[in-house]
Amino acid sequence: MERSTKTCALFIVNRSDYIFESTMSSIVRTFETFDIDLLLVFYAGFTRNLFNAQSPRGLKELFGWIQGKGTEVVLEEASAPVDVDAFRKWIDEKTMECGKVIVVPTTSASLTAYLLGRVESEKLATVSYVFTFGPWTNYFYPYVPRPLETMRVINGEIKTNLNPSKLDGFPGYLSDKTFNMNVEKIVVELNKKTSSDVLELHVKEKDRNSQDKLLLSSDTFNLNDFLNKIHNRWGCEETINEALLLSGAFELKITKGNKEDTISSLTREKVLIDTNLLFYGIHNYELRDLIVPKCVRNEVTINSVQTKSRGSPLKSALSEIVEDVLNSVLSHARLIPSEDLWCDIAIPKIDPDLIEGAYLLTGDKKAYERWRKSTIGKYTEPLLIKVPTLTYQEGVKRYSHDIDKHVVQDVGRRYMSIITIALLLSRIRDISNIKVSLCWKGGKPIEVSYS
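Counted the way our numbering counts, the sequence shown spans residues 1 to 451.
A portion of the hints provided could be inaccurate.
[As the list claims (entries may be wrong)] Straight-line C-alpha distance at most 27 angstroms; calculated BS3-like pairs for lysine-lysine: (1) Lys444 x Lys366; (2) Lys441 x Lys206; (3) Lys294 x Lys366; (4) Lys435 x Lys193; (5) Lys366 x Lys69; (6) Lys253 x Lys60; (7) Lys192 x Lys373; (8) Lys253 x Lys192; (9) Lys253 x Lys373; (10) Lys69 x Lys192; (11) Lys69 x Lys159; (12) Lys89 x Lys6.
These are computed hints drawn from the structure, not numbers from a lab.
From just these sequences and the hints, can you work out the full model?
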């Protein structure tokens, strides 16, 4: 009997954390990388909302989009507890006509090991898929840069055929948070292009004789050159410093005891933030128990109103994006009550039961010293954030600071930093008569706009 040439992809959906993000990412990334004839999804009952047509975070539109491109989709809900015999029968029946079965374990846990033992070894191709966290924790593919979402065949033989054009017509799922949505719109357009792993930011004067200028690249992350080009165009080094901090260009460092560390070390800890952490790019970190006092929201609003009335175009754009970043952060953080005062006064007055055991982060040295010595320092642990100060030396017309020890090294953070800076510059493009674009190195540029 001639062996079938049909290629099938099988997903077991039964993980409890990041279930929507991991399932969406795994399926879309697999679909664009391989020529799939049949998509099989076996899911646990507790995940059924993903497959419910009425669910706002459901996958019905995704499966309709895949079917519209000629791939069959078959869904099966597991019984509770899982009936092993029924599971075995379903696997045997559905993979009978498959010449190859691609298994991506990212969306599943214990059932995967059993699955691998049920599929004929010569049919099986196990694919390792890395789901990205850090600044991309609350995003999913195709709204995460492709180089961060790697796929590698680790068992069996299967031919890859990456086709970025498969992403054409991807059915929405955009965030309702302005900052996230703008990032997503840019990234999906980048992913529709064949990608290198180097992201570039370009700016061009809207003059037909002007040349396209490379401002920033994710491989060299040439911040010194970037700072000088921006300074020569707009000046206002204080705002440039703030923009780089917000973008996540610098690693935020803390000192715990006698040891220096980064905020990334607090991923699984309870973390309470002062307002300045928003301006320092706290949204670029995965913090699973993040607490935001109401006074932070008040201060951000006041800052935005004051800046719009008397700030430079660049500073006004920055304050608007900070407001959007706050809304993004609040979508996955806890907003707790505080008095309508400045945070350095309001935070110590917060109900201790809400913040006991938290790390209290601030970039304000005076507030840090005061909190550390006061009552709040007995039931929280205040930590001072270290950030670089950028100073422009007029005599040499250049920034002369040691930024190498501060710049972020992780490529995912560099991507987010470059995209954030592009969004910021695009907010002032009409005033400054510029065109802002992003591209993969050597690729076609995509114009950036913020809406």
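Here is how each hint holds up against the structure:
Between Lys444 and Lys366, the direct Cα distance comes to roughly 48 angstroms. Violation of the 27 angstroms bound is thereby established for this hinted pair. About 22 angstroms separates the Cα atoms of Lys441 and Lys206, which keeps this hinted pair within 27 angstroms; it holds. Restraint check for Lys294 and Lys366: the C-alpha separation of about 21 angstroms stays at or below 27 angstroms, so the hint holds. The suggested pairing of Lys435 with Lys193 holds, with an alpha-carbon distance near 20 angstroms, which does not exceed 27 angstroms.
Distance check on the hinted pair: Lys366 and Lys69 sit about 60 angstroms apart at the alpha-carbon level, beyond 27 angstroms; violated. The suggested pairing of Lys253 with Lys60 is violated, with an alpha-carbon distance near 43 angstroms, which exceeds 27 angstroms. The straight-line distance between the Cα atoms of Lys192 and Lys373 is roughly 54 angstroms, outside the 27 angstroms bound, and the hint therefore fails. Between Lys253 and Lys192, the direct Cα distance comes to roughly 36 angstroms. Violation of the 27 angstroms bound is thereby established for this hinted pair.
Of the pairs offered as hints, the one joining Lys253 and Lys373 holds, with about 21 angstroms between alpha carbons and a cut-off of 27 angstroms not exceeded. The straight-line distance between the Cα atoms of Lys69 and Lys192 is roughly 16 angstroms, inside the 27 angstroms bound, and the hint therefore holds. At most 27 angstroms may separate the alpha-carbon atoms for a hinted pair to count; Lys69 and Lys159 meet this at roughly 19 angstroms. Distance check on the hinted pair: Lys89 and Lys6 sit about 20 angstroms apart at the alpha-carbon level, within 27 angstroms; holds.
In the structure shown, a violation is registered for the earlier hints numbered 1, 5, 6, 7 and 8, in ascending order.
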